[in-house]
Amino acid sequence: MNLRAETMEHIDATIPRYPHKRSAVMPLLHAVQRDQGYISNEAIAWVAGKLGLEPVNVYEVVTFYPFFRQAPIGRRHIRLCRTLSCALCGGFGIAEVLEEAFECRMGETAPDGSATLEWAECLASCDKGPVLMLDDDLHENLTEEGVRELARTIRAENAEGSDSSMTGNNS
Amino acid sequence: MAISEQRVILKHVDEPGYDPGIECYVRHGGYETLRKAVGMQPEEICRGVEVSEVRGRGGAGFPAGMKWKFLDRKSGKPIYLICNADESEPGTFKDRQIMHKDPHQLIEGMMVSAFAIQAALAFIYIREEMPQAARILEAAIDEARARGFVGEDILGSGYSCEIVVHRGAAAYICGEETGLIESLEGKRAYPRIKPPYFPAALGLYQCPTIVNNVETLCHVKHVVAIGGEAFARTGSPGNTGTRIWCVSGHVQRPGYYEFECGALTLGEMIHDVCGGVHPGRSLKAVIPGGSSAKILRADERFTGKLKDGTEFDWGLNDIPLDFDSLMACGSMSGSGGIIVMDDRVDMVEALANINAFYSHESCGQCTPCREGSLWMKKITKRMAEGGARTEDTDLLLSIGDQIAGRTICAFGEACAWPTQSFVSKFRDEFLAKASEDSGKRKGLRLV
Ligand SMILES: Cc1cc2nc3c(=O)[nH]c(=O)nc-3n(C[C@H](O)[C@H](O)[C@H](O)COP(=O)(O)O)c2cc1C
Ligand code: SF4
Ligand code: FES
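Line by line, the protein sequences are chains A and C.
So the first sequence is numbered by this note's numbering: it starts at 163 and just counts up by one.
So the second sequence is numbered by this note's numbering: it starts at -15 and just counts up by one.
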């Protein structure tokens, strides 16, 4: 596994924090996904080996939790809250703006690879709906104009970026 | 009329100049309660929590002191403390405020609690969608450790306890305490069958474990600071202390507000504190305790008898905001998330939105929940999109009725209650869908 030195360091510091190694499955998957953009079959086998588990023990975790993904996504990860309070404040209108701006549907990646659009369930910021997460950052009180502007910035940055590699989540 | 808040947990949150660093916390008297606690007998603290009658703020409202009493202390196995920071119940956003803006209050509450139950190790299980809060907490734990509040030999007491921050991965069911424990063990978050797996007896790694919500653990700090008896005198009988309510949806001033339990009514919260619905709109319905709580109609009358035998006859606005009153009205105070809907809302759309949530989040272990939540979602979505049939209304009810009480965890009830209450309270609206012009949607798009 070709992981960055700081990822390896983080992984080695994380495992002993738990009374049982197996508890480190999720933290290790988080670290790997952050490093590589997604979780490959090779990574599943590697994490299993690291924790003395069978690959299937890791695989069943990867496939249960929506945040873990087995394929790369766009350069930025946009998760728009779909749930009731945000919807009451116009969340579905924001989804339409995003789909138009990135030329793809919710659940897909823009043709230029600049972003992947996903629905999220209640992000625990319902008083400031509609809200979305752009990678690790929460954007609140969204307006259609504000989101158009955000999309323009993301697409422009993507066009400038020399390596628009599709490994995602660059934060 | 302005009603002023009674902030205890949120005392310093949003105060100008207050920051999440340890210097600031200590300057405001932080960790003095931990100092007091480690000088007490652990049993004395547990008794104080019991006397305080503080109830869990995560959803079920179970008395924390009683839960702690169930701990199996004789097994000789290590005891674990878990802070439930999964905060995923739609409409709830209070724990986020504490973790972002006053993380040391949670850490102090956790260490006081850990000492009281003599935990060997403590965890904070935080949802993945709060990466910043996770980083803030980790930094705060490091600061606290450097000052002897966490880790080895806490404040020279001889008691040692670490806190591990553990991040979820976007699954709501990790908020259910036994699902959380499975997840923390590195597995799928499949809730466990109770009995025998009551965490206080058989929890994390089959060891005695206490799981409490973020806000509950903060309250423990205040219980110890002022004493259980004094705490029990705040709020109302059986509903002690303050509580943070989260108001969202169609009000002019949505937000988080802290009051003593029972100090104000639902009407005062919506109209006075939150400014009511927007001009030109009227109140249609309220979900008072997170999206699984049964919906209340604005024009409904609630009558019955309280636990102490007093009879009540309330309109929606008259319901006191506490655990017992909302339960007496057939709903619940749950996680404290109040979702307000005005007259623009089409109830079929709103239910379709909620059903999409539960169908997405069912862990899939129990057939009634897995299949029922999916059917309820599909039917309400089709109804919202113009394909309603007359028989759908009763079909929905029958599906809901076949889930509740037949599942491993309380998610079964949580996903059935919205359908059962929406359909029975807005029956005409559901029936009318079948004769509506198909494809023509009115109101806000919610699904
Ligand atoms: C489906 C489901 C989801 C839950 N989600 C949460 C949650 O996000 N946060 C929480 O504190 N409790 C949640 N709970 C309640 C927990 O199971 C548990 O009762 C609580 O953490 C106990 O803490 P408390 O007694 O301090 O409230 C949930 C329960 C169920 C059935
Ligand atoms: S009730 Fe639903 S969420 Fe709970 S264990 Fe059964 S399938 Fe899973
Ligand atoms: S409903 Fe969108 S953040 Fe809660």
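Simulated from the structure, these hints should not be mistaken for lab results.
One or more hints might be untrue.
Claimed, not checked - Below, simulated PhoX-like cross-link-like pairs (lysine-lysine); rule was C-alpha separation at most 25 Å, straight line:
#1 A:Lys290 with C:Lys20
#2 C:Lys(-5) with A:Lys183
#3 A:Lys183 with C:Lys171
#4 C:Lys409 with C:Lys53
#5 C:Lys362 with C:Lys291
#6 A:Lys212 with C:Lys291
#7 C:Lys178 with C:Lys85
#8 C:Lys171 with C:Lys85
#9 C:Lys178 with C:Lys58
#10 C:Lys426 with C:Lys365
#11 C:Lys409 with A:Lys290
To be verified - Computed Cβ-Cβ distance ranges for the label pairs, DEER-style:
#12 A:Met170 with C:Pro0: 41 to 47 Å
#13 A:Ala175 with C:Lys426: 37 to 43 Å
#14 C:Lys178 with A:Pro181: 19 to 25 Å
#15 A:Arg179 with C:Gly60: 38 to 44 Å
Computed from a predicted structure; not experimentally measured.
All residues carry an ideal CB built from backbone N, CA and C; glycine is no exception.
Against the structure, the hints:
1. A:Lys290 with C:Lys20: violated (39 Å)
2. C:Lys(-5) with A:Lys183: Outside the cut-off at roughly 39 Å; violated.
3. A:Lys183 with C:Lys171: Between Lys183 of chain A and Lys171 of chain C the Cα gap is close to 12 Å, so the pair holds against 25 Å.
4. C:Lys409 with C:Lys53: violated (40 Å)
5. C:Lys362 with C:Lys291: Answer violated: Lys362 of chain C to Lys291 of chain C is near 39 Å, above 25 Å.
6. A:Lys212 with C:Lys291: violated (55 Å)
7. C:Lys178 with C:Lys85: With Cα atoms ~36 Å apart, Lys178 of chain C and Lys85 of chain C exceed 25 Å; violated.
8. C:Lys171 with C:Lys85: Status violated; Cα separation ~31 Å.
9. C:Lys178 with C:Lys58: holds (21 Å)
10. C:Lys426 with C:Lys365: holds (14 Å)
11. C:Lys409 with A:Lys290: violated (29 Å)
12. A:Met170 with C:Pro0: 41 to 47 Å: holds (43 Å)
13. A:Ala175 with C:Lys426: 37 to 43 Å: violated (56 Å)
14. C:Lys178 with A:Pro181: 19 to 25 Å: For Lys178 of chain C and Pro181 of chain A the Cβ distance comes to about 23 Å; the hint holds.
15. A:Arg179 with C:Gly60: 38 to 44 Å: violated (23 Å)
Figure legend: structure checked against the earlier numbered hints; hints not met, in rising order: 1, 2, 4, 5, 6, 7, 8, 11, 13, 15.
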